[in-house]
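Chemist: Let the sequences and hints guide you as you build the complete structure.
As given, the protein sequences belong to chains R and V, one line each in that order. When we follow my numbering, the leftmost residue of the first sequence carries the number 994, and every step to the right adds one. When we follow my numbering, the leftmost residue of the second sequence carries the number 0, and every step to the right adds one.
Just so you know, the hints here were simulated from the structure itself, not pulled from any lab data. This one's a predicted model, so the numbers in the text were calculated from it and none came from an experiment. Worth double-checking, as some hints may not be accurate.
[Unchecked claim] Derived DSS-like pairs (lysine-lysine); straight-line CA-CA distance at most 25 Å:
(1) R:Lys999 <-> V:Lys33
(2) V:Lys116 <-> V:Lys76
(3) V:Lys116 <-> V:Lys33
(4) R:Lys999 <-> V:Lys34
(5) R:Lys999 <-> R:Lys1030
(6) R:Lys996 <-> R:Lys1033
[Unchecked claim] Not the full set, but computed from the structure, chain V residues with beta-carbon under 8 Å of chain R:
(7) Glu24
(8) Trp27
(9) Asn49
(10) Glu64
(11) Asn101
(12) His102
(13) Gly122
(14) Ser123
(15) Ala124
(16) Leu137
Glycine included, every Cβ here is placed at the ideal spot set by N, Cα and C.
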Amino acid sequence: MTKLTKSELFEFAQVFILANTPLSLFNGLIRCAGMQKLRKNSEDVLLRYYDHITGRAERNEIVLALAYAVLCALVLRTREIGSLEVDASRLQWGQRIWDFMKRSDSGTGGLGISARQAPTITASNSPSGETRFILGPDGLPALSWRNVS
Amino acid sequence: MIIRVETSKRTGIDNIQEFELSAFERNWSAEIPKKYPRAVQRTQPSPLYNCHGLTFASRRTRIIESYSLSQIIGDDKWAEIDIREVLAGDIVIYFSADGDANHSGVVVGIADLGVPKVFSKWGSAGEYIHLLNDCPPLYGPQTRFYRCHL
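Modeler: Take a look at the structure:
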């Protein structure tokens, strides 16, 4: 099994703490730096490791986040090679993640609310309606201009 | 533990309460002010409710499914509004690119140049008052605003 650094494990754990929905947990974990390392392992190695960590009596955030991360790596591997037998129900949100990804693969997945496709930045007006601006990722105006008409 | 949460039309809403907060969560929460110095912390970490529980269930529990939010939005007559119309008391829902409602909060004011100021709960961490996008990158990147018309 590829060894993860402390910071990579902490990144998984931070996502685990902040995630509000099973899908946001999945989306957050697959973007972590440690996921690339996990994905270098074969499905057999990942399955053995998943069995090992979900069988541990100690379940702190680090262990749980890592277990979810391995499950997510298995989800991604399943997309590449087809079906795998994984007991996702060992984790509270595991079955939801697994089922959702299976539905997504078949093209029938639904999320309840469809988000309008919009750019990351947002254009808006000031309360006075005179100044237009674009919000940057930190929520502050990244660019502004005035109407001259 | 599950409690009874209903919309105004008495539709049951799936939810779950959690009760344990670990040392890791407490320690990590203590680091948030360093990462988000402009965000104002207004409560300590709590495992009982999440952001959607704050926005839609009065802090009593966690709501974790997007379909539950869809039910609440419909039953409780939350209508989408443009960011330029946003006022204190409106809500914001953050969506992932694939439409997952990954965060929500309540608008508490409008900052300089019309940027909405939001208070929301960050997972198991506390409640924070922050500018719209001054929050963990796990939330968003898309946002939609709603006003209740019950």
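Chemist: Evaluate each hint against the coordinates.
Modeler: Structure-based check of all given hints:
A C-alpha spacing of about 20 Å is found between Lys999 (chain R) and Lys33 (chain V), which places the hinted pair at or below 25 Å, so the restraint holds. Proposed proximity of Lys116 (chain V) and Lys76 (chain V) is supported: the alpha carbons are some 23 Å apart, at most 25 Å. Proximity of Lys116 (chain V) to Lys33 (chain V) is assessed by CA-CA distance (about 19 Å); at most 25 Å being required, the pair is judged to hold. A threshold of 25 Å between alpha carbons decides the hint, and for Lys999 (chain R) with Lys34 (chain V) the separation of about 19 Å falls inside it, so the pair holds.
Between the alpha carbons of Lys999 (chain R) and Lys1030 (chain R) the distance comes to roughly 13 Å, so the proposed pair stays at or under 25 Å and holds. Taking the CA atoms of Lys996 (chain R) and Lys1033 (chain R), the gap is near 11 Å; set against the 25 Å cutoff, the hint holds. With a least beta-carbon distance of about 6 Å to chain R, the hint placing Glu24 (chain V) at the interface is held under the 8 Å criterion. For Trp27 (chain V), the interface hint holds, since its Cβ comes within 8 Å of a Cβ in chain R; the closest pair sits about 6 Å apart.
Taking 8 Å as the C-beta contact cut-off toward chain R, the hint placing Asn49 (chain V) at the interface holds, the least distance being around 5 Å. Proximity of Glu64 (chain V) to chain R holds as hinted, the smallest CB-CB distance being about 7 Å (cut-off 8 Å). Here the hint on Asn101 (chain V) is kept, as its CB sits about 4 Å from the closest CB of chain R, short of 8 Å. The restraint placing His102 (chain V) at the interface with chain R holds, with a minimum CB-CB distance near 6 Å, inside the 8 Å limit.
Hint status for Gly122 (chain V): holds, given a least beta-carbon distance of 4 Å to chain R, under 8 Å. At its closest, the beta carbon of Ser123 (chain V) sits 5 Å from a beta carbon of chain R; the interface hint therefore holds under the 8 Å criterion. The interface hint given for Ala124 (chain V) holds, since its Cβ lies 7 Å from the closest Cβ of chain R, which is under the 8 Å cut-off. Interface hint at Leu137 (chain V): satisfied, since its Cβ lies 5 Å from the closest Cβ of chain R, which is below the 8 Å cut-off.
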